[in-house]
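Visitor: Hints in hand, dock the two standalone chains.
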Amino acid sequence: MPVTTDAGPASVAAPTRGVRARRTVGDERVRKNAAKRNYPLAFLWPAIIILLVFYFIPTIMNFVYAFTDWSGFKRSIAFNGLANFQALFSDGTLVRDLRVTFVYAALVAVFQNVFGLILAVFLERDTRMNRFARVMFFVPVIMSALAVGYIWQAVLKSDGALNQILGLLTGSTVSTAWLGSTTWTIVVVAAIHGWKWMGLSMLIYLAGLKTIDNEVIEAARVDGTNPWQMFWQIRFPLLAPALTFNVATALLGSMNGFDIVQATTAGGPGGSTELLNIFIYRTFGQGLYAQSTTMSLVLFLMVSIVAFPVITYLRRRERVL
Amino acid sequence: MKILRRAIAVVTAVAATSVALAGCSNPSAPDSGADTGAADYWPATDTNLDGVTLNLWVAQNSNKIPQKVVEGFEAKTGAKVQVTTIPDPYEQTVQTKITTGDTPDLAFWQPTASMLAGFVAQDRLQKLDDAPWLGDYVDGIADAGGVYQDSRYAVLYSNPPVQGVFYNKEVFEKAGITETPKGWDEFVDTAKKIKAANVPGVESPLYEMAGSQWGTQWAVQVQLAEAAKAGLWDRVNTGEEKFTDPTILGAIKNYQALFDEGLYNKDAGSAKDTDQAAALWEGKTGMIIQVNSLFNAIAALASNDKAALDQKIGFFPISADDNIGTVIPEQNNAIVAFKSDDAKREAASRQFIHYWLTDGYADFVADQGVLSVLTSVPSPDTVPQALIDSAAAIPDGVGSMQSLAVANPDLYINLADMVNGTKTPEEAADSTQQQFAQLARAQGISGF
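Residue numbers (this note's numbering), protein chains in the order written: chain H, 14 to 334; chain D, 8 to 455.
With the rest of the complex left out, here is chain D (with noise of 0.2 angstroms):
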């Protein structure tokens, strides 16, 4: 009877504690309001941090970017910069490592309102305004992403990238094109183009890659630049305009049409983003709307030779009536800081965000062949002319549905299964805009 006892007790206990551990109530740091404009708040980077360990979490394409200022920040403050790599995909698994209470003090995130909202709401991130070299950024970079609700909360240290055109010069030669089209219709024009051209090795004078997804968007994403500027996104967030209503139906049933006119690969359902990247690299396709990370993926295709980049691939911004940029910042573009309950190491977090946009930044731009953000840091000569025609369009550009929707529903997943035939335009708006609203109810938004 005893024993029986003794083990009803321990079932309790056991099961009190494991009841009290998943908690009703999701794990935070506590709320504090920090004085961003107070004179230490940033800081000076030479500040010792012996005995000091960061934590920075980076994803699998993104490891090998801070490399160097890592270096340069453990030589100046003997502090330790511990980086991890974390298994894609990357926001996800971030996401769940947070909300179970592994927190870093640093990681690469999506400087965009849809991911920086959840972050905000639990009030894990600490607020980044006020930071000494916003002044010497180039223009364009400071509004290009990391604020959120009136305050930074991610710092740039790189171009973002800019949703576009790339294309193959050696096609539209070819094909007869001399001048790259302005606005929705005269790309369109110009596809039909090639398409009319039958020029030798073109399967398609587009390209599209719905067997991974992500890429769908863009083609829809592009068309909004106007709308986005005529303030779309803020409507779409106060739920007064919706994905289902003309101007966001309109476009997703344009880019149906490209499809019905067989303007696109054959294979564009299942076809991967590596085949897109080697198509327009080979000169199979003319033309594909993509952002700079496909480019990169053609850059190494082409072993990043400058000189056979710049002869082959070329970039141009497109929108619904003109050639304005969709900005879409990505994790590898910005850095956010995380509260923990140790003062110094929320401090020395600044401080390495302050040491990357100061005095680490030329070898940081040196070391990886990027343009500069900073106008007092020259970029490389070795960046390829497609890139810099993007960062061109950042300052005249826009934010992307991500930078200013308050959530970043499954778009390219709906608009891939439309790809598919599984779902009619009607049906992928539709989807799109339920997921947004169930985003947007957890957000506590009124109007969902």
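Chain H with its partners taken away, still in its complex shape (with noise of 0.2 angstroms):
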């Protein structure tokens, strides 16, 4: 058993105590350069300016445009009260749409988590392979998600790659339409979501996995833990701050997807995987700027309804370390 136990404690604390001391002896000069420090406001602007004129305006015109009539079809901008929000309400496609985003952003989540997870398990050791592998699957994460949609989109078509594999071990022709069913194909849609971005999650749970302190492992072996346990006991828990991470921007990520479904399904078959981001697009696409902003605004509430609580739980799951 190891005795170092309060060395990492120790040597964090030691230069909050160096600053103490030296605050004591020349409080005024401190203060006078903590003052200096605290304002290279000039270095703020323009990152504050592009914030503000590329994120923070746009979002309040998104409000603000979302009451109005704006259109391709008119000269003027006129306010309409609520009439927007009342005939996208009246219409079925809007609710139906927000389901399949929520279905949609679940199974990502899952998806994307559980390959990432367990890439990161098997690729924890650091051996040239492991690196070599890790590379590899960090790969898709910077691919251009529309290549990787078309990618998938040949390879799942019914005369594509994956059925000529199969039909070659099978030794009989198989045509399934993997992008055909109105009831699988969104499960198929958020496993390419979640291939594509599992080597962001896999890097995130090494990360994770690394920061576990060796002494809790050996503790745990001593007392003698199996595998499992091990895992699911000492070091799933520990990774609670990765998995909140990874659980977030999964959902965030995907309730705002548009790309990969765009170039798989394109919302299809039968609408059954039309996110609401292809639906604000195609009414864009219309000349409906009006309504599209109304929907943009739904969305944006919709975001923060599910994903606030969501983090919220994840973060007090954490407290616990």
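There may be inaccurate statements among the hints.
Cβ-to-Cβ under 8 angstroms is the rule here; a few derived chain H residues that face chain D [what the hints assert, rightly or not]:
hint, residue
1, Asp82
2, Ser84
3, Lys87
4, Ser171
5, Gln246
6, Arg332
Label-pair restraints from in silico Cβ distances [as the list claims (entries may be wrong)]:
hint, chain 1, residue 1, chain 2, residue 2, range
7, D, Pro402, H, Pro71, 46 to 52 angstroms
8, H, Ala146, D, Glu268, 52 to 58 angstroms
9, H, Leu175, D, Ala307, 25 to 31 angstroms
10, D, Ser300, H, Val66, 38 to 44 angstroms
11, D, Gly238, H, Ala96, 28 to 34 angstroms
12, H, Asn143, D, Lys87, 56 to 62 angstroms
13, H, Asn93, D, Lys104, 22 to 28 angstroms
14, D, Pro94, H, Leu175, 27 to 33 angstroms
15, D, Glu289, H, Val168, 36 to 42 angstroms
To be clear, the hints were calculated from the coordinates, so they are not data collected in a lab.
Here the structure is a predicted model, which is why all the values come from computation and not from measurement.
By construction, the Cβ of each residue, glycine as well, lies at the ideal position given by its N, Cα and C atoms.
Guide: Laid out in structure tokens, this is it:
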């Protein structure tokens, strides 16, 4: 049993003590320095301006335009109250697409995390082979989402590569329409989304695994845990911060998803994979700008309503650490 | 404190400018009533244009079309024509660009009421009336598209596609069919005959491609040709008649019935347009209801071999009771000219169109191997018979929903949903009607 358990906290605390000590010596001088250090405001301007022009103002305008009749058919824009909201909610498409979006987001969160966690566990040791494999699994993350979508679309079509491989293995013609089922295609597309982003989850889980204190592992081993208990009762709970981050980013990323689904199914078959963003895009293309703005406002609100409780719950989980 | 105050000032200034930029009005060119009959409205094709640069927007599937015309025009006038390919989906991307203030001088554009309405309402298009070549157009072309609210805004430079039936002649022969059908009922009977004949290699008498969605609308639209001649779309445009009323809903139900009877391919819901082209070319199916662009995909499979195509693929128009063609001009048939604040460029744009439809036309037709729309210019002899038959249906044809309705709802998506079983015919009609009403309301049309 190692005996240096308080070495870590001690080394972290040391500099803090040092600062405190200096402050008591020359309080005035330090405060002046701090003031200088706290006022690099000029450096912030470029970032603030970009944020303002490209993020805050469009977001605010998004709220404003949702209550207007802005369209590609008029020269003027006038407020029209809640007419857009009424029209949207009276049509079943919005509700259907919201449901599709939530199902898709949940599936992506599951796939991306399961794939990522499995990869991280298998590739944890720093061998040369593992390093190479990590890079390979990270490649889809940096690929264009549209390219990923088109590749998978070609692989999965009824005379595509997957069916040909299956046909070779089984010795008969396989012509499953992987992207043709109104029930299961959303699962397939979500899996593609999970596949594309699993490399990122893998990296974060890897980082999480690396931070687990070896002593905890050794202590558990001394207490006689088997590998199954070791993973689920010791290591997995300690990955909580990584899980929070991965689930949150997967949820947010997939609720705002567009590109992968557009490239693989374009919302089909039968609208069963039509994410809200695809509907927004379709409506905007029709020249109904105010309506599509209203939809993105609805999406913004829905993402907020769903994402924040989930993140809050996951954060609360971390508190036991 | 000083810094803070300055900071607040800057933030306010930036916010104010951005709000002003985002604006509360659609950016558009000033309104102007042009005299299209004036002697110099259509400049002579050889007017010197040194130093003038024109921007022409084209789509991915049409960016080779203007090549020869541009070369000839540049050589003749000294102008420069910059051809920019706008990525697909072309119409949406162009509309988005123009809405955000990026406007070309010329663009390929679908010359239909539904696609012109938005630009005309925003006063972005030049009027192209009183064109010098109008009398030279072959029968039917002048009326096939481009006119909206009694003014011409788009000029057709090639024959618009016709919705109709492309069929495999060999399959017809093997199934013992000697005459092409007249009217919808005979069309259905023909399909049943092919099915009953059990021709080896033929998997289904009809073939649909709802995986690519866009082709699903033709089977419904062709059934509306007679009604369209009798003013169906005028009534739909005023809200007097709806997609959910018996005429259109009936056509949708007839389409659904073909699936119920097992006349379509099993994977109709997910098959793509390319699959459809291959199926007809390879004789896996007997008939498809389609337009010229799908035929072009078949021609590509046949390496554009006219003899092989003529031997295998035929075309006939179909309608509820007759063989009336439903004409649907596309983006790669017509060109529009935009207003700008530069009168010289506006005139140069008109001059470019003038050149194309007169002095440059023979070169264009020869280069592209398409049928001529001018009586003074002969067509090349390389055009496949199916396309000649398609063009022959134009003079007696009638406009499609896109041509005659004020808005173009996503009928094809709703029908693709129906093919996949997630919508009933009633629901497909209802969704289409709701979207149509929404678009009509946005245009400020009364009755919605």
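Visitor: Now, for every hint given, state plainly whether the structure supports it.
Guide: Results for each hint:
The restraint placing H:Asp82 at the interface with chain D holds, with a minimum CB-CB distance near 7 angstroms, inside the 8 angstroms limit. Interface restraint check for H:Ser84: the shortest CB-CB distance to chain D comes to about 4 angstroms, inside 8 angstroms, so the restraint holds. At about 6 angstroms, the closest approach between the beta carbon of H:Lys87 and any beta carbon in chain D falls short of 8 angstroms, and the interface hint on this residue holds. Among the interface hints, the one on H:Ser171 holds; its C-beta lies about 6 angstroms from the nearest C-beta in chain D, closer than the 8 angstroms criterion.
Annotation: H:Gln246 was flagged as interfacial toward chain D, and the flag is violated, the nearest CB pair being 45 angstroms apart, outside 8 angstroms. Given the 8 angstroms rule on beta carbons, the hint for H:Arg332 is violated: about 38 angstroms separates it from the nearest Cβ of chain D. At about 51 angstroms, the CB distance of D:Pro402 to H:Pro71 agrees with the hint of 46 to 52 angstroms. Here the CB-CB span from H:Ala146 to D:Glu268 is close to 53 angstroms, well matched to the stated 52 to 58 angstroms.
At about 26 angstroms, the CB distance of H:Leu175 to D:Ala307 agrees with the hint of 25 to 31 angstroms. Range check, D:Ser300 to H:Val66: Cβ separation about 42 angstroms, and the 38 to 44 angstroms hint holds. Roughly 30 angstroms separates the CB atoms of D:Gly238 and H:Ala96, a value that falls within the hinted 28 to 34 angstroms. Range check, H:Asn143 to D:Lys87: Cβ separation about 57 angstroms, and the 56 to 62 angstroms hint holds.
Between H:Asn93 and D:Lys104 the CB atoms are about 26 angstroms apart, so this pair conforms to the stated range of 22 to 28 angstroms. Judged by the Cβ atoms, the range 27 to 33 angstroms given for D:Pro94 and H:Leu175 holds: they are separated by roughly 28 angstroms. Distance hint check: the CB atoms of D:Glu289 and H:Val168 are about 23 angstroms apart, inconsistent with the given range 36 to 42 angstroms.
Checked against the numbered hints above, the structure violates hints 5, 6, 15; every other hint is satisfied.
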